[in-house]
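**Student:** Listed below, chain by chain, are the residues.
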Amino acid sequence: AQKVTQAQTEISVVEKEDVTLDCVYETRDTTYYLFWYKQPPSGELVFLIRRNSFDEQNEISGRYSWNFQKSTSSFNFTITASQVVDSAVYFCALSESKGGANNLFFGTGTRLTVIP
Amino acid sequence: NAGVMQNPRHLVRRRGQEARLRCSPVKGHSHVYWYRQLPEEGLKFMVYLQKENIIDESGMPKERFSAEFPKEGPSILRIQQVVRGDSAAYFCASSLRDSRLTEQFFGPGTRLTVL
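As they're listed, the protein sequences go chains A and B. Going by this note's numbering, the final residue of the first sequence carries number 116, and the count climbs one at a time with no gaps. Going by this note's numbering, the final residue of the second sequence carries number 1115, and the count climbs one at a time with no gaps.
Among the clues, some could well be false.
[Unchecked claim] The calculated lysine-lysine pairs, modelled on DSSO-like cross-linking and capped at a C-alpha distance of 30 Å, are:
#, chain 1, residue 1, chain 2, residue 2
1, A, Lys70, B, Lys1044
2, B, Lys1044, A, Lys3
3, B, Lys1044, B, Lys1062
4, A, Lys3, B, Lys1051
5, B, Lys1062, B, Lys1051
By construction, these hints were calculated from the structure, which means they are not laboratory data. Quick caveat, the model's predicted, so the values are computed rather than measured.
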């Protein structure tokens, strides 16, 4: 079973629109971490946020905000007033704490295109 | 203040050749992870190493792939007798401690193309 599901494969928005990228995860751990990464066309991975399972406070960083809902196992990412530079593939990821493994389970990514 | 370095950035090999991918973690980081990203897919965990030890290789193919992180020098991901299906981007990440406590810093990736 997929541990991280990003149902939106591709999204296109016009510049200045708000956009929300969905992420649903699955785990039996009570302690886990959730991440968002950005992969611009250049290919590198840019860390955006890490959230632990005990902290359900929503977070805002500039135009970015994250909504963590444990009840629905979701960790959605919203970009406000999108810009062309936001065009990238965005990955949601889950890190479990069981068994000593320290790997991230990535979703398949959402490709965001912001049209000028 | 260098981040994770990977080289080469692009590597072309013919079927049957060997590919060696190098990763220098952030200075002071002793935890290294390798991931593979197939075209149009997310990253998939391959192996987690600490200095001189393989901690978790549950994501490594059973044959042809190996990884090491020696006491001195970079971590190496080695692919023997490459096949076309090995064409992918290979990312290395490092962390200062157990990655549950701190995020992994990713390198720029090595894009392997097998002809």
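**Student:** So, for every hint listed, does it hold in this structure?
**Tutor:** Do the hints match the structure? See the list:
| no. | hint | in the structure |
| --- | --- | --- |
| 1 | A/Lys70 with B/Lys1044 | 24 Å, holds |
| 2 | B/Lys1044 with A/Lys3 | 12 Å, holds |
| 3 | B/Lys1044 with B/Lys1062 | 15 Å, holds |
| 4 | A/Lys3 with B/Lys1051 | 29 Å, holds |
| 5 | B/Lys1062 with B/Lys1051 | 22 Å, holds |
When held up to the earlier numbered hints, the structure conflicts with none and fits them all.
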